[in-house]
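J.: Below are the chains, spelled out letter by letter.
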Amino acid sequence: MSELAVLQAVRLKGRVSRDDLAATLGGDFVDVVDRLVGSGLLLDGPTLRLSPEGRGRLEGLLADERSQVDTAAVLAAYDEFRSVNTEFKALVTDWQLKDGQPNTHEDIGYDAVVLARLDDVHRRVTPTIAAVAAQLARLNRYSVKLQAALDNIHAGETMWLARPLIDSYHTVWFELHEELILAAGRTRETDDA
Amino acid sequence: MSTRPVILLDGDASSPPEVLGHKGHGIDVMRRNGLPVPPAFCITAEVGARYRAEPEATINAIWDDVLAGMRTLEAATSRTFGRGQHPLLVSVRSGAAVSMPGMMDTLLDLGFDDDVEKALAADGSGEFAHDSRRRFTESYQRIVTGPAPDDPYRQLRAAIESVFVSWDSPRAVAYRAHHGLDDSGGTAVVVQAMVFGNFNANSGAGVVFSRNPMTGANEEFGEWLPGGQGDDVVSGTVDVEPIATLRSRQPDVYDQLISAASLLERLSADVQEVEFTIQDGALWLLQKRAAKRSAQAAVRLALQLLDDGLIDEAETLRRVAPAHVEALLQPSLQPETRMAAQLLATGLPAGPGVASGRAYTEVDVAIEAADRGEDVILVRNHTSPDDIHGMLVARGIVTETGGATSHAAVVSRELGRAAVVGCGSGVAESLAGKVVTVDGNQGEVREGSLQLSAWSEDNTPELRELADIARRISPLRAHARGDYPRLDRHTEAEVRSAMASGHSDVVSASPLLAMLAAIRLSGVS
Chain A
6 MSELAVLQAV RLKGRVSRDD LAATLGGDFV DVVDRLVGSG LLLDGPTLRL SPEGRGRLEG
66 LLADERSQVD TAAVLAAYDE FRSVNTEFKA LVTDWQLKDG QPNTHEDIGY DAVVLARLDD
126 VHRRVTPTIA AVAAQLARLN RYSVKLQAAL DNIHAGETMW LARPLIDSYH TVWFELHEEL
186 ILAAGRTRET DDA
Chain B
8 MSTRPVILLD GDASSPPEVL GHKGHGIDVM RRNGLPVPPA FCITAEVGAR YRAEPEATIN
68 AIWDDVLAGM RTLEAATSRT FGRGQHPLLV SVRSGAAVSM PGMMDTLLDL GFDDDVEKAL
128 AADGSGEFAH DSRRRFTESY QRIVTGPAPD DPYRQLRAAI ESVFVSWDSP RAVAYRAHHG
188 LDDSGGTAVV VQAMVFGNFN ANSGAGVVFS RNPMTGANEE FGEWLPGGQG DDVVSGTVDV
248 EPIATLRSRQ PDVYDQLISA ASLLERLSAD VQEVEFTIQD GALWLLQKRA AKRSAQAAVR
308 LALQLLDDGL IDEAETLRRV APAHVEALLQ PSLQPETRMA AQLLATGLPA GPGVASGRAY
368 TEVDVAIEAA DRGEDVILVR NHTSPDDIHG MLVARGIVTE TGGATSHAAV VSRELGRAAV
428 VGCGSGVAES LAGKVVTVDG NQGEVREGSL QLSAWSEDNT PELRELADIA RRISPLRAHA
488 RGDYPRLDRH TEAEVRSAMA SGHSDVVSAS PLLAMLAAIR LSGVS
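Residue numbers (the working numbering), protein chains in the order written: chain A, 6 to 198; chain B, 8 to 532.
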């Protein structure tokens, strides 16, 4: 299980430092990482990456995981996610752009309206994650990470909404979306991006 | 205020856009001037406002008026809605007084059941009837959300209610809050008899501009899709043709279209954008509005309209916003440069900015190229979370799938990268290895490394001409040089204080911007 969690985290991050990996996994995985490096499944360096063998191993583990879930329940959760996903991406876009131009964030009222929409999105997505985590307990971690990003945003650190390379709300959401696509046996080519 | 809830748009509606909505008002203006417009009525914005407080009671109270409106459309078209040998289909459009994002998309081809489809097949062709019904079913599902009911009148009612509800969509609410627009109003609804660009080979739909809104050249500009409907043209997912091909295919229709656009331009004294449909060789106009334009075009078109005697000098200066001039003074991709380079792909503008480089389709290869010092454009079918490392080293980003709010678009904007998304499948393969320019403002990828350039108040003839006009109108004459007091900046505060000190002439680094500020302060009309 932890091997799957580590390989999947590295895959979603692409290239990731050991510190960032520990932060996103929220636990002590040093032994697992060392073992995966030792067996050639992870490539070591300033950042960790999957080797081709690691990618193959991950795909096998994910297929095993998928074979044990109630596909109908996962599909239902994925459908719910897609509807709230549309609103989430629209609000992030409104956060970034005002009248087609980069938002200068000088208009506090405008920003407040957008961020209020995030609270609504968070209320909607939380039960969806709980539903899918009843099938794939590993995905509970996404609720924790989204809540952490939301807490930072509420504290005024709005870079936690969409900044890449940190576990911002959008980064976590994007990875969750990828997980759900995989768990539902879909591909991004056939579904919306 | 209590006007009639439903107003026929027959050229005598004589109500302002606040009541009819801007679309309804435009239709009425076109009808008044004898242009071919399918019959239409509107449910007023006042009803839209009442609906928000009391949905059920409001829609019940006006329903007889809506039915009376439908009878008028039936009489005008010699067709019958939801029944008969010649069935009537309608479009349903939102129409607030001010155009805003988040309002319901136009729903076309409404009024189907199985018998209607059969009758339309006999009326036109089976293919036409089937295609229209497919369009209706799909767009109803997407726009009104949920499967379409079988009863055409229930379809109509649900579509109208969806328009009213869209006034309170999060995007529309946020837009009004941001622009300080009145939130207490509501939207009008326009119901119009359908005409069909998908009727046969002699049909199509498109949009035409009375002058080029990109470059500001005095030439017709537009695009159309033979055999298509209006939503195909705006969707950006289908390859449209330049309006010039209509001239060669249907010269009479083309001439009629251009003279209508030109008439509407003279009537409104502004460059117009007109949506049209051709059904079996007959031209129909559906909507018109003042054309959206580039900053370059805003300046050039204002000067042309002045030359043509359509506007006076004071109005010419009002048509050019200080923001237009500010934008022109920054380096940008000039429309002439852009139009001269071969267009390789179009998609949705997702990250503002323009960037050039060599196109790479694999993240690891892109990273290696960037490490060698190359300018990299990352082109992907779609983006996955781990593509972030390729996006980081890229100057511009292109995707085959995904919309303007896709994850790729969000990340591109966060990184400040020029991005064009949703360019269609096969684009990655066709761009790979080429040196391209990604125009994230226009949503285009063009061949080559295109140079950016800026206008200047000193050297660009159009800006000099505007400054000459401004010196005749402005209470404060600003000069590039001369023996006058110096204006350090062209802010309103500085300009106001110079005028308060009794100066009539000043020297400024941006004379035109200083005078535009002075004119706005003094409210010269």
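Hints were generated in silico from the structure; no laboratory data involved.
Source: prediction; values computed, not measured.
Using N, Cα and C, we set each Cβ at its ideal position, and we do this for glycine too.
Honestly, I wouldn't trust all of these hints.
[What the hints assert, rightly or not] With beta-carbon atoms standing in for the labels, derived distance ranges:
hint : chain 1 : residue 1 : chain 2 : residue 2 : range
1    : A       : Arg71     : B       : Arg149    : 26 to 36 Å
2    : B       : Glu248    : A       : Ser22     : 47 to 57 Å
3    : B       : Ala328    : A       : Arg71     : 47 to 57 Å
4    : B       : Asp465    : A       : Asp124    : 50 to 60 Å
5    : A       : His110    : B       : Ala500    : 19 to 29 Å
6    : A       : Arg71     : B       : Ser432    : 25 to 35 Å
7    : B       : Arg479    : A       : Leu120    : 23 to 33 Å
J.: Run the structure past the numbered hints and jot down the numbers of the failing ones, going up.
T.: Going through the list in order, the structure violates hint 7 alone and respects the others.
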